[in-house]
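A.B. asks: Sequence:
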Amino acid sequence: MNKKLPYYMAYPLPLQYDDERKERRDYEYMKSLYPDVAKRLLPYIEEECDRMEYDNSMMYDEYPDRLQLHLMCKRVCENVRKHEKIFYGTEYEGLLSQAEENSVMKMEEAERMQEPESEWEPEFMQVQEQNRREPERRRMPNWLQNLIEVMLYHELYKRRSDHRRSRHRIY
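Using my numbering, read the sequence shown as starting at 52 and increasing by one per residue.
Derived by calculation from the structure, the hints in this document are not laboratory data. Hints may be right or wrong, so weigh each one.
[As the list claims (entries may be wrong)] Distance ranges between label pairs, derived from CB positions:
no. : residue 1 : residue 2 : range
1   : Glu113    : Lys54     : 42 to 50 Å
2   : Ser108    : Lys54     : 42 to 50 Å
3   : Pro94     : Glu160    : 23 to 31 Å
4   : Arg126    : His214    : 19 to 27 Å
5   : Asp101    : Arg218    : 29 to 37 Å
6   : Glu159    : Glu98     : 38 to 46 Å
7   : Arg72     : Gln196    : 30 to 38 Å
8   : Glu104    : Leu84     : 18 to 26 Å
9   : Leu122    : Arg91     : 48 to 56 Å
10  : Leu198    : Pro57     : 50 to 58 Å
11  : Glu97     : Arg216    : 14 to 22 Å
12  : Glu79     : Glu113    : 27 to 35 Å
Backbone N, C-alpha and C fix where the C-beta goes; we use that ideal spot for every residue, glycine too.
With the hints as constraints, model all of the structure from the sequences given.
C.D. replies: This is the structure we're talking about:
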């Protein structure tokens, strides 16, 4: 009574689901290693991705639209602006290191030394110089916006790959 099994029954898929658990656990561990600023931004990014996660969403397009991605990033930035006050105003100024401030002052001083001194300087040049030095408190710091954009694209990549992987299962 030695019955032979068909080929497809003898060799099932090799631990496919266990690999996904390992990947998810590894991904969660790597997220726990993020710096503090990134950890504070991550819930806003995940919330926006959750909001956009539905059937036929633009985030699952083969080539997502650059404008739509930019708008997603702007929505995340607005949420951060509303709820996280540490990145703006006087508290944000405390985050800048003294070394950065000194290097900016040295660069400005070097520029002044290179320019020939003239007695007459047009008024619009003076206004332009003042505008360049004044900190813009209402705008998001450029490094923060770039960080949000990179983290958003990474989260989109992860969700797109999970969606592709789960879409092909038939059971």
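A.B. asks: Output the indices of the hints that this structure fails to meet, ascending.
C.D. replies: When the structure is compared with the hints, numbers 3, 5, 9 turn out to be violated.
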